[in-house]
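Chemist: Hints are included, so try docking the two chains, each in its own frame, into the full complex.
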Amino acid sequence: MIMMKIGLDVGSTTLKCVVLDEKDKLIFHSYERHFSQIREKTVVLLNEIMNKFPDKKEASLSISGSAGMGLAEKHGVPFIQEVYATRLAVMREVEGTDVVIELGGEDAKILFLSNGLEVRMNGSCAGGTGAFIDQMATLMGISLTEMNDFSKSHEKQYTIASRCGVFAKSDIQPLLNQGASKSDMSASIFQAVVNQTIGGLAQGRPIRGKVVYLGGPLTFFSQLRETFNSTLGVNGICPENSLYFVAMGAALSDIETPINLEQLVHKLDTITAKKTYGGLKKLFKDEEEYMIFKSRHEREQVTYSDPLTYKGDAYLGIDAGSTTIKAVIMDEEDRILHSIYRSNQGNPVPLIKDFIMDFYKKYPDIRIKTSAVTGYGEELLKNAFSLDFGVVETIAHYTAAKKYKPDVDFIIDIGGQDIKCFKIRDGVIDSIFLNEACSSGCGSFLQTFAEALGYGIGEFANLGIYSKDPVDLGSRCTVFMNSSVKQAQKDGASIADISAGLSISVIKNALYKVIRASSARDLGENIVVQGGTFYNDTVLKAFEDELDRKVIRPNISGLMGAFGAAIYAKDKGNDNSSLLGMDELEMFDHQVKVVMCGLCENNCSLTVNSFGDNRKYIGGNRCDRPVKNRNIEEQYDIYDEKLRFLKEYKSIKGRRGSIGIPMALNMYEMLPFWHTVFTLLDFEVIRSPFTSRELFIRGQHTIPSDTICFPAKLVHGHIEYLIDRGVDTIFYPCLTYNIDEKMGDNHFNCPVVAYYPEVIAANIERLDETNFVFDYMGLQNKKVLSKKLHEIFKKTNKDIKLSEVRFAVDRGIKEYKSYIKKIQSKGEEFIQIARENGKRIIVLAGRPYHVDPETNHGISKLITEYGVVVISEDSIGNLASKTPVDVLNQWTYHSRLYSVADYVGNQDDMELVQLVSFGCGLDAITTDEIKAILEEKGKIYTQLKIDEITNLGAVRIRIRSLLSAIEQKDKEGKGYGHKS
Amino acid sequence: MGIRVNRVEFTKEMKKEYTILCPDMTPIHFALLEKVFRNFGYNMTILKNTGTSVVDQGLKNVHNDTCYPALLVIGQMIDALNSGEYDTERVALLITQTGGGCRASNYIHLLRKALINAGYEHVPVISLNAGGMEKNSGFRVSFPMLKQSMATLIYGDLLMLLNNQVRPYEKNIGDSLKNLNYWVDRLGEEFQSGKIIRQNKMKSLMKEIVLSFDTIPREDRQKVKVGVVGEIYVKFSSLGNNQLEEFLHKENCEVMVPGLMGFIMYTVENGVIDQQLYGGKFWKSFIMERINRYLGNLENIMIEAIQKNSEFTAPSPFKHLKTLVKDVIGLGCKMGEGWLLPAEMMELISKGYENIVVTQPFGCLPNHIVGKGVLANIKAIDPGANIVPIDYDPGATRVNQENRIKLMLSVAREKMEDVKGTASHIVEESIKDLSKDSLPINMI
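Here the protein sequences come in this chain order: A and B.
In this text, residue positions in the first sequence follow our numbering: the first is 1, and each later residue adds one.
In this text, residue positions in the second sequence follow our numbering: the first is 1, and each later residue adds one.
Just so you know, the hints here were simulated from the structure itself, not pulled from any lab data.
Among the clues, some could well be false.
To be verified - Pairs of lysine-lysine, BS3-like flavour, derived with a Cα cap of 25 Å:
{"#": "1", "chain 1": "A", "residue 1": "K74", "chain 2": "B", "residue 2": "K322"}
{"#": "2", "chain 1": "A", "residue 1": "K795", "chain 2": "A", "residue 2": "K882"}
{"#": "3", "chain 1": "A", "residue 1": "K826", "chain 2": "A", "residue 2": "K814"}
{"#": "4", "chain 1": "B", "residue 1": "K207", "chain 2": "B", "residue 2": "K171"}
{"#": "5", "chain 1": "A", "residue 1": "K742", "chain 2": "B", "residue 2": "K281"}
{"#": "6", "chain 1": "A", "residue 1": "K267", "chain 2": "B", "residue 2": "K250"}
{"#": "7", "chain 1": "A", "residue 1": "K787", "chain 2": "B", "residue 2": "K281"}
{"#": "8", "chain 1": "A", "residue 1": "K971", "chain 2": "A", "residue 2": "K937"}
{"#": "9", "chain 1": "A", "residue 1": "K156", "chain 2": "A", "residue 2": "K616"}
{"#": "10", "chain 1": "B", "residue 1": "K326", "chain 2": "B", "residue 2": "K308"}
{"#": "11", "chain 1": "A", "residue 1": "K783", "chain 2": "B", "residue 2": "K281"}
{"#": "12", "chain 1": "B", "residue 1": "K379", "chain 2": "B", "residue 2": "K326"}
{"#": "13", "chain 1": "B", "residue 1": "K135", "chain 2": "A", "residue 2": "K882"}
{"#": "14", "chain 1": "A", "residue 1": "K839", "chain 2": "A", "residue 2": "K937"}
{"#": "15", "chain 1": "B", "residue 1": "K415", "chain 2": "B", "residue 2": "K223"}
{"#": "16", "chain 1": "B", "residue 1": "K284", "chain 2": "A", "residue 2": "K782"}
{"#": "17", "chain 1": "B", "residue 1": "K326", "chain 2": "A", "residue 2": "K794"}
{"#": "18", "chain 1": "A", "residue 1": "K783", "chain 2": "B", "residue 2": "K319"}
{"#": "19", "chain 1": "B", "residue 1": "K135", "chain 2": "A", "residue 2": "K742"}
{"#": "20", "chain 1": "A", "residue 1": "K795", "chain 2": "B", "residue 2": "K135"}
As the list claims (entries may be wrong) - Computed Cβ-Cβ distance ranges for the label pairs, DEER-style:
{"#": "21", "chain 1": "B", "residue 1": "T323", "chain 2": "A", "residue 2": "F807", "range": "33 to 39 Å"}
{"#": "22", "chain 1": "B", "residue 1": "M416", "chain 2": "A", "residue 2": "E73", "range": "19 to 25 Å"}
{"#": "23", "chain 1": "B", "residue 1": "P217", "chain 2": "A", "residue 2": "P206", "range": "48 to 54 Å"}
{"#": "24", "chain 1": "B", "residue 1": "T50", "chain 2": "A", "residue 2": "E648", "range": "54 to 60 Å"}
Just so you know, even glycine gets a beta-carbon here, dropped at the ideal spot from N, CA and C.
Chain B with its partners taken away, still in its complex shape (with noise of 0.2 Å):
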């Protein structure tokens, strides 16, 4: 039904009193980032509800054709505010808006339409952007809350990194999640000081994060790794992907996902880029510049933690991400994930995580192109890449998304045991049995 939308304004008032509630997506950076914008006053929760009546209340107030993130965040708002769980008079949503050619920039309008659809037209939306989109008296980022919520990206993905790599491994059950859970409390403590961002305190803290899980007692045992890469949502969200980490943990697998920090980069990143391919205002690109410099800081500091203190697969630096997609896809390419995505995909493979997921909204739009368009050309470099894109959907059952990565997983688990045979053997021989029949085999 056609309907006509007034942006309600969240004053300075209401930060006072206010509830701000967030979608969840990635639990670890999430709850960090509660914590940060609880320092700065704003009274923020994020949402844990799940279950069908949140795909349901999307399914009710969002156009069924419009893509299932949009359909379950703004689900998960109005199932919250239905929820009686809070004072609807006393409440602001908060939601990120990116502002590219794809139309998840558009995700905003549509949980206003679907406010007023579901009667909760009075209820303030907040965008939280970087391109100052729209603004709200009682909300600001101000410079410190910036670097501060930059560095919990940093912290979560060190963080989701090494709970990844240690809990297929470890010998206690619990060990790992134990773990992050602690620091997932500590670090929150941290965070009530501004120090937490300094070179040094972050070094010292990374430090003491990696050696903790190192420490952990794990079992030496090979299992199939996989990559998962996607849209943003997907990929991270439990509710989005149908707990995909959690049934690749199942299935006895290792898993990697590329941390969120990647994303932010290639999105400031892409200002440069246009600049170089169309002209424009240089002042710009020269901000966009140093902001990735900035953080490539923070990045590194959390590479050389590991990589001094542990023996854990480190992420590549994101300057050497961009290299990587040379021959698969042009850098132009900045919709939706745009050539990230493919990025990963490569930097997975060139790791060891050769068998990948990639998680993707049915119908998205930039999917097309970079989920499933140029899976070819990563194919054509590695001819071993075993890759199957899983598409998400209100009405996308489970069977049939288990049962094609189980189809990779069996080729994954082949291929292991073929490594193992041949291990013996001598490398050229086992080189050319790979290329002849037992080995790569590539699925769509």
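Next comes chain A alone, as it looks inside the complex (with noise of 0.2 Å):
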């Protein structure tokens, strides 16, 4: 039967609808953003349609997308998988595709079309890529249209996580608190959107020939196009109506049944959606109990003060937070004087300076005394106009709560993009809990997701007071928050019940994930809730519920951190406040520029900001390197050393030929011994070079698990890197066993570093070029692995002798034994240097491989700037041993941290520090032994969680935290002080 035919694409933020005559020919077709009220729009769209074609009442019509798949089943309409149905479309309007690169809302596919069908959609980690831009057009406060506008101007772009959007915003964020420019920040977004595209999606296969972009991001910014153009060395095409393919594809679905319309809209308009979903508790019973609540959380209030009446001294409190800036200016009594709070737009100095100049204005008989700042952008603020003191967030936000509540125990803070708590114990800062970059799904989140929706944050969050099904969204990461949302759409839930379901969801993540805590008596007896995620009822309401405990939120719960630091200022006291005055802040000007460091092989690209009067500020460093002229004093880092000695392992020309070693992974401590031994067979042995960026990229494409550790990644770079090389063979075995220390009950590898080398020989099709070894193999047993290594080579070098491996083997295995004792012993007069001193020691303990300078970001580095003497968790392996654990204790590299944890327990000058790559699943056992073996011994746990790029200004709030514990602790004489 031949009709009109109607293809509807409802995906994750768009409705999109085409409508075809008989002959194919598009007639009709709109696009428009459905705020998740899909049914509803729907109508009016058939509506649209049946009054535009008045005499067709009946027409084919299929369902695409995502988000449309509750409704096709509701309906009974036909459903069209939307990438098989962008094919459908492709091939009949762009002749001769090769690749249809597609960008969603939320998805990212590659349909290879040519040379073998194939067709990839992205997992369901990777997030959202037209959701992820519009996220951080938000944070940097421009619209769509000029972020692709300025992205045009760019100068130079900046290295962005292109794993997923929430890593992406952490690494935005401090750019653009240190002052990097929109243009630039613009283009590295959408380089990062392309490298997770080809990262993710590729995985091997070249993308050439006719390309074809679809989808609205792809649509509408053509900066973006030229992104993927420029990155993969093609000419892509964006054929016309390059929005409508899937709505295309799904009308074309030859589906032969008609469906009247009039009988569809009818259906649709009186069937509203039930709820199918189990609900959470209300959260409010009735708006009785509603009142009961807001009244009880009225009566927790800081007073203000008239600054016109008031004579005197006022001291100034700034918290530069990664979305806002707060500012309170406060009186002698510490009452409030002036306030302000609000999106910092990506640049916080401008809104500073007109808040400090229209104070001096308006009062010009108040003399602001001393003033302090803390927060992301302490640094950048201190420099900008000579604040007095910087203050690190934990003692701002405790010092503030103490005003409040003296005997407060818990504080947690909610704030635009981080989550910080801390417990207190006998009036020290007991420990501190962050959340890790992963789930970082806070305030911001949810003002994106209000703005999504069409709303304001504050009317958001109050729709979520009256909801009466709360819908479960579960507690993991925001990317995966956004499909939870689409799926309670399709499951019938209101926009209240979502509002509320976000708000318990946030409070569960905190809780569980950040804290980690199953009860209220976790936290303690006092607590007390600050960050400006806390004024909306919906998530303090929901926080007390979970917790099942009344709890207090001051009335400037949003402001409490520049309120502490306004305290913290007046505690210490200055009689000559450096602040900048009138005359000087008329003359303020701040300039930006972007310089490429160099100075180590960090290569950090620094953003330089000038004031005026020669006063700079370089940001965007991992050490002080570039800060400070030169190293005033002396550093003591074990991962430089541990670098040193492998480099020492140097390429000695051999006649047998030449066997590449990647370095990574288990490579970072079995080098000395494959070394030795190929070196002694005659090989020359060459390894790669210690990881770069540009190594990393090198390899991106062939990684096939998106959600693999970053160290893993790493390898695929490496093993490319050998290939150009011309390496004729490539030495990469499975090792299921590590070396036995007797540390543990067992000594397993974990199964990545295990088997990773399967996974090299099954996705890097050019390692055809060379010989790659990869053979499962053990170190236990010297004679076994002799006769392995003899046969293996024996296929390639026919001279090879036997006994000439034994002696290799044997000699390998004593120079694997005298490169540990090496690291031992350096780790020894380390710490004798540090106790002749009087320095501060911190074991900064993970894995091997942590040395890579790529993986570990320059962290060690940056705690060296601290004063402190920086060792590893294997330079005391010797010190230590085995401790009983709770947990199967059967991986060598894990069961030192355990033993060496223990060791730090009882040491009163070490502190221990665990690095923990992101993605890590043995660390998520680790973690909470360590910490429970720490914490019985009366240790602040700290924790680091690296990935591909770290947000270092999280990492420095962790080590000041610690720090400044320490020696609060310390000074009240309840720590473990320095035995001299």
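Modeler: Below, the structure written as structure tokens:
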């Protein structure tokens, strides 16, 4: 039957529709945001179509798109999977297409049409692309059009994590705060999207030939297309109607059953979505309960004072958060004279300038006696305005909370980007919890969500108060939440239910993921909540409900950091404030320049902020070298020493050809062994260099699992390097077992370390160019190993004798042992130096491969800047011994951690900081255990999560918090001060 | 929060009066296993509680970065303890412990920590393992009990396999499930006596089972054939995989899920392979070999029962499975599902189940290698393989999972249509067609 064909494409954010006539000609199309009102918008749309084509009573109709599945199921309309629909349309519309790249609100797809059809769609992790760009634009306070325009005039690009939106966000925020330009940022964001798409979906398959770009982001952003073109080296096209390919495919999918449109509209109109999900407990029973709740919280007040009548000194406190800027000016009695709380729009400097100038102008009689700043933008603002003090955030918040509630024992602060919690025992900050780069779904998340659904944040949150069935949205990361919301909408949840559900998710995320608490007793008696997010009554009530405990929310909960900074400034006192005066502010000028540092292999890109009169602030650095001129003090960093030791294993020409060893994962520890074995066997051993960003990018396109840990992803680049070097053989064996150090009950490697060579063999096609040896072997039995090696290398080098191999293996093991010993004596030396000079020691404990500079991002250097001696877990392996633990202790690298934690627990002048690679499954187990070991001995546990790019701002806060907490403990005589 | 643990032993006295709770994985196998345990004096109950509170308890009490199966299994146990259905002073928990290099071998420790968290410090936890890892005076798997347990696996595998092959085609909806339930009950009774593990008894029972399924009236329809492999828990447990089998059934597919016996034989076989690769004690490997010879016998009885008495697709013997992965992955890869997972995929493909769902917990370590990492090798061997890995997680939504599976199914259906269309043509031509554009769509 020939008839009119309608195709509907219901994406995560937009509704697209096409109508084709009998000859498949496009006669109608529409594109709009549906703000999650899919059913309503569909009705409007269908009515419009009926009006336009009054003589057509029937039409074929198919629905496509992830958010359309529910609608299709409910009303018996055929559903076509969207990637499949795209393919149908492309084959008809654009002849000779080789590859299709389609980006949607949340999905990314690549279709390879020629030479073996393949269809790829992003996994459940890699998150949204269109939604991601939206979020980034919001973050910078610019429109989408502006973003595209800005990007045209960029001068340079920053590296931004391409793994997922949340990661990228935590990279972008500090860059913005350091003053990076919006043009450069926009271009970098587009590049990140491109890298993510290619890295996540191409998986080794080259994209070339005729490339077609489809979907919203690629249609609207010319610069995004440009970035794809230049990265891929192609000249892709964005065909007419590029937004409608899915809808067209749906219309074209040969559906023979006509649907009576009027009846369908009637059905859609009358049947409201029935709730099919199990709702959570209501936040508020009724209006009355809400009122009681409200009035209880209104009691917590900080008082204000009238600046017009006040005479005397004042104190300025600033909290430069990641998305917001907060400032307080208070009087001698800690009453607030003036305050500001607003989005920083990517640059807090002009906002603070206006704030201070405004105060000077209006109240010329009040003198600002001292000033302090805290938060991400601390350094920038301190330099810009010559503020008197900088104070670490934890201390600022505690200072403020104490003012409120002297016996406070737990503080939780949920800000725009991060969650900070601290436990206070006997007046000392005892444990610190900060959210990891992954789960930063906090305030800014709620906000972007509200906006995506067409609401202001306040309005959106208020809706949740009256939700009858809050929907359960899970507690993992924001990207997952996006799709959880999609699911909820499909199940018929209202906006109110989603709002309440999101608030509950934020709380669950904070409690179970960040704090890892299971009940209120884990937190404390007197809990103070802070941060802008707690302004929302729904979030606050969700928190109280989840804990089953009443908490205190100060009326200035969003200003607490700034308030604390002001009190801090007052307590410190200063008769000669360096704060810029009126005249200086009038002359104030702020220029930003970006330069490459180049003082070490990190190659940080620095943003140099200059403020008129020779004052400068440099951001983006990982160490103090570009800031100070030279190292003033000798620094003791065993990570540096370990790299130096490894570099000593140099290539020596051999007559049996060359063997390449990738410097990745366990090779960071096994190099001395294999290097010795093969050098003795007269091979030239060529190791790949320590990782650089370029090296990683080089291998990125062959990574098959986008959620695997970063150290594993690096292997790909190293293998590419070795292939390029033209080595005869690449040697990277599978090692189920590690060396038995008698510290655990078994001596496994983790599955990734053990079997990654299999992944390499399966996914890097270029390995055909060389001889890749990835056999299974073990070091536990020298005889068996020698035999195995002999068998393998006999194939390429017939003259190799078993006796030779045996000798080499023997010597290799000796070399390995002496290498370990070398690290240990270095450790001893450092400990001694530290003790002689009264320095604190931090054991930066991770895995051997964490010494790779691209993996640890210079964290060890950053720590030494605070005058601390850094040693590693393996450098004190000889001092520690097997310790009883409550988990299965069967992985060599992890056993070391337990033993070392136990050892550190007994050393007064040592602290342990654990480096954890994001996505490390085993560290989900070790972290809890190490924490238990340390806390049993009264130590503070600190964990640093690292990934492709690490937000060093967060690392700094952690390290500073740790150090200031220890200092405080020492001062109050409650801790374990260094015994001299 | 950091917690220290004291292990509570399951004593002889407890055996008499305690109820032992065990998480569910495959309803058929575990129902039979429950019977065996009861016959040997253990008052075992398989947990059937599901719903959001299970996940909630898991999230609350287990590190959120831990794998999803741990979260569910532990969540299910704590939810059961909270439910009020059991006297928490007289209840013990049973959990399997594999002891390999995968973090799954840590479940029992995570469970103990979670119990303390949830206020059930006093509840004893029994480890069910083959390596003698933890001992309890009140719990001992005797030799006859072990043999019977192994038999439940093979019966369970057979029932699952037949039901999967009959149900999509049955003329009267419900026939197959009815028959399945009949057999679960009947075998439960048969397990009262030790005879059920004798070879002759097995042969006759299995024959009877096969015939009973074969006589169910079926339609001659062509359906998309989908294989399911994956991490052992989410592969089998409907709680773990969002009712995957039901979903596929509704989507009009025939589902093939490789059995549980293969996994047991794989773990045993690794003892043999280890000795070959790294040396070590020969007697250990010798024992392992003997065990697998015994299990291989059971497997053969099942395969023969199917092949002799019906046209149903029988699984390949384990020995054959091992040879299938020669060009895909090394046999040394033994953590988690290790080489078995790709082997099962190869086996499915060889039996006509080219469309495969790989179920895996989000961020599962071994699955990075065996579930995603080596897919390229499988596709190099069979370009027609249509494989979709699906992540399961408390935050992963059904919409996204089903959308991806639907994509795989669209491709599969198109392929089926094409095969139907070209059936009348000359075979050679259709093969040429396949390699062109219409057929082999692979997706990640």
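Chemist: Does each hint fit the structure? Answer for all of them.
Modeler: Here's how the hints hold up against the structure:
1. K74/A x K322/B: Not OK: K74/A and K322/B at ~46 Å, beyond 25 Å, violated.
2. K795/A x K882/A: Violated: K795/A and K882/A sit about 42 Å apart, past 25 Å.
3. K826/A x K814/A: At roughly 18 Å apart (the allowed maximum being 25 Å), K814/A and K826/A satisfy the hint.
4. K207/B x K171/B: Given that 25 Å is the threshold and the Cα spacing comes to 22 Å, the pair holds.
5. K742/A x K281/B: holds (19 Å)
6. K267/A x K250/B: holds (24 Å)
7. K787/A x K281/B: holds (17 Å)
8. K971/A x K937/A: Measuring from Cα to Cα gives roughly 19 Å; hence the hint holds.
9. K156/A x K616/A: Given pair K156/A, K616/A holds - Cα atoms ~21 Å apart, limit 25 Å.
10. K326/B x K308/B: Roughly 29 Å separates the two Cα atoms, so the pair is violated.
11. K783/A x K281/B: holds (14 Å)
12. K379/B x K326/B: Distance of about 14 Å is within 25 Å: holds.
13. K135/B x K882/A: holds (22 Å)
14. K839/A x K937/A: Within the cut-off at roughly 21 Å; holds.
15. K415/B x K223/B: Distance of about 12 Å is within 25 Å: holds.
16. K284/B x K782/A: Status holds; Cα separation ~20 Å.
17. K326/B x K794/A: holds (22 Å)
18. K783/A x K319/B: violated (29 Å)
19. K135/B x K742/A: holds (23 Å)
20. K795/A x K135/B: This hinted pair is violated, its Cα atoms lying about 48 Å apart.
21. T323/B x F807/A: 33 to 39 Å: holds (37 Å)
22. M416/B x E73/A: 19 to 25 Å: holds (22 Å)
23. P217/B x P206/A: 48 to 54 Å: Distance hint for P217/B, P206/A holds at roughly 53 Å.
24. T50/B x E648/A: 54 to 60 Å: holds (59 Å)
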